[in-house]
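Produce the complete structure using the sequences and hints provided.
Just so you know, the protein sequences line up as chains B and Y, in that order.
Per this note's numbering, the first sequence runs over residues 426 to 645.
Per this note's numbering, the second sequence runs over residues 182 to 412.
Misleading hints may appear alongside valid ones.
The calculated lysine to aspartate or glutamate pairs, modelled on DMTMM-like cross-linking and capped at a C-alpha distance of 25 angstroms, are [claimed, not checked]: (1) B:Lys478 <-> Y:Glu407; (2) B:Lys589 <-> Y:Glu317; (3) B:Lys478 <-> B:Asp546; (4) B:Lys480 <-> B:Asp546.
What the hints contain is simulated information worked out from the structure, not anything from laboratory work.
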Amino acid sequence: MSEFIHNFFNAEIMAKSWKIILVGLSNTVQLAIVALICAAILGLLLAVIRGLKNKVLDALIIVYVDLFRALPTIVLFMIVYYMLPFFGLSFPLFWAAVVALTVNGAAYFEEIFRAGIEAIDRGQWEAARSLGLDFRQTMIKVILPQAIRIVIPPATSNSLELVKTTVLASVISMPDLLYKAQQAAGLWYNPTPLVMAALIFLVLLWPFVRLTSYLERRMA
Amino acid sequence: MNIRGLIDSFFNVRIMLDYLPALARGLLVTVEIAGLSLALGLALGMVLAVIRVALKRRGNPRFVRWLNVPLAFYVDSMRALPPLVTLVVVYFALPYLGVYISRFWSAVSVFVFVLAAFASEIFRAGIESVDRGQMEAARSQGLSYLQTMRYVIVPQAFRVALPPLTSRMISITKDVSLASVIGVSDLLKEAKLGIANTYNTSPLIAAAILFTLLFLPLVRLSMLVERRMKR
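In structure tokens, the structure reads:
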């Protein structure tokens, strides 16, 4: 038992690695927020474009969505990482991770927002258009406000998945929470920092797991 | 931006073909891990769902219902933790606990536990969506609780569970490539070896193409299932 505590809940190691872990946590939080906003905006934009019912644009978006729903996210991270030299060496890893998360997350958000927009009765479109509102006005003033209510449960659970996906940034050596925890674990040859990282994720994300369950149940 | 260089180091067909046999070997490992994880994870998830529903039955003594708490904690932690974190912690922690299993089986067990947690939630929601009258009718016909579950409730629950289940199965299958992080020789690991040997990114692009070919039909299938079930 004491060996177990020594290896996984070592107070001395915790005290030593606390600062390293905090740096990682701060990077993870920043990455999660920026990527979430970018992915949601791009996803919404694509979903609205699909509302135009333009065949060419539709086909392009479908290919994009299918491709990135099929490609494992870690592969996408690595492709972005290896492409960096072609965009100049000073391109920061943080933004590389944001690009990978946005491209991947937007594919899922597009599907969710589109389903929400399509769930609104056609009569709403026809009524708004016949009152003289143009496409943009109808979308912003009539359709989207109603679609939001339908979209909230799946969008919340997708946001949770996106936040969980941020740990893949560690694979391209962006110093996020997991990367820093692995660094600390290697430094002192003790898995305690990894346990700390896991606990931090657990404490931060557990409320959102409960929230998604609650929202899904309420909508059902 | 150097377009010529970009094409040469990402779409070099000769290098792609050179590494095709190695990539195919890796693909086989990926498919093995995915198959094992899906089969075991779904089975475990189903068992967990039935156990959780059975524990919550009215009329159970209070301590029996309390047995749900550790199960709920397990399910919630798997839903809250990024699978990569679970994988890294398990891989690093097991030797300290005196457990020595191969990287392959470390990966499989993590995916099984993650999938089982999600699947049990999905199955449980399915079971709870079946009307109470079904249970009452079956029981009054003389079927035991387990028989009712097996022959009446679970088959109906399965229909409700199918759309979310397929999309979760796809996401777990995509997560299998995380196993390369702990050194399992899957498709992605073979691609990384290819990059290291040739200083060229083409093997990774070839792997990405293989992944897409493998998963695209599944993604389409899951969308079809979702649309079917909505009607």
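Each hint, compared with the structure:
1. B:Lys478 <-> Y:Glu407: holds, 22 angstroms
2. B:Lys589 <-> Y:Glu317: violated, 41 angstroms
3. B:Lys478 <-> B:Asp546: Between lysine 478 of chain B and aspartate 546 of chain B the Cα gap is close to 16 angstroms, so the pair holds against 25 angstroms.
4. B:Lys480 <-> B:Asp546: holds, 21 angstroms
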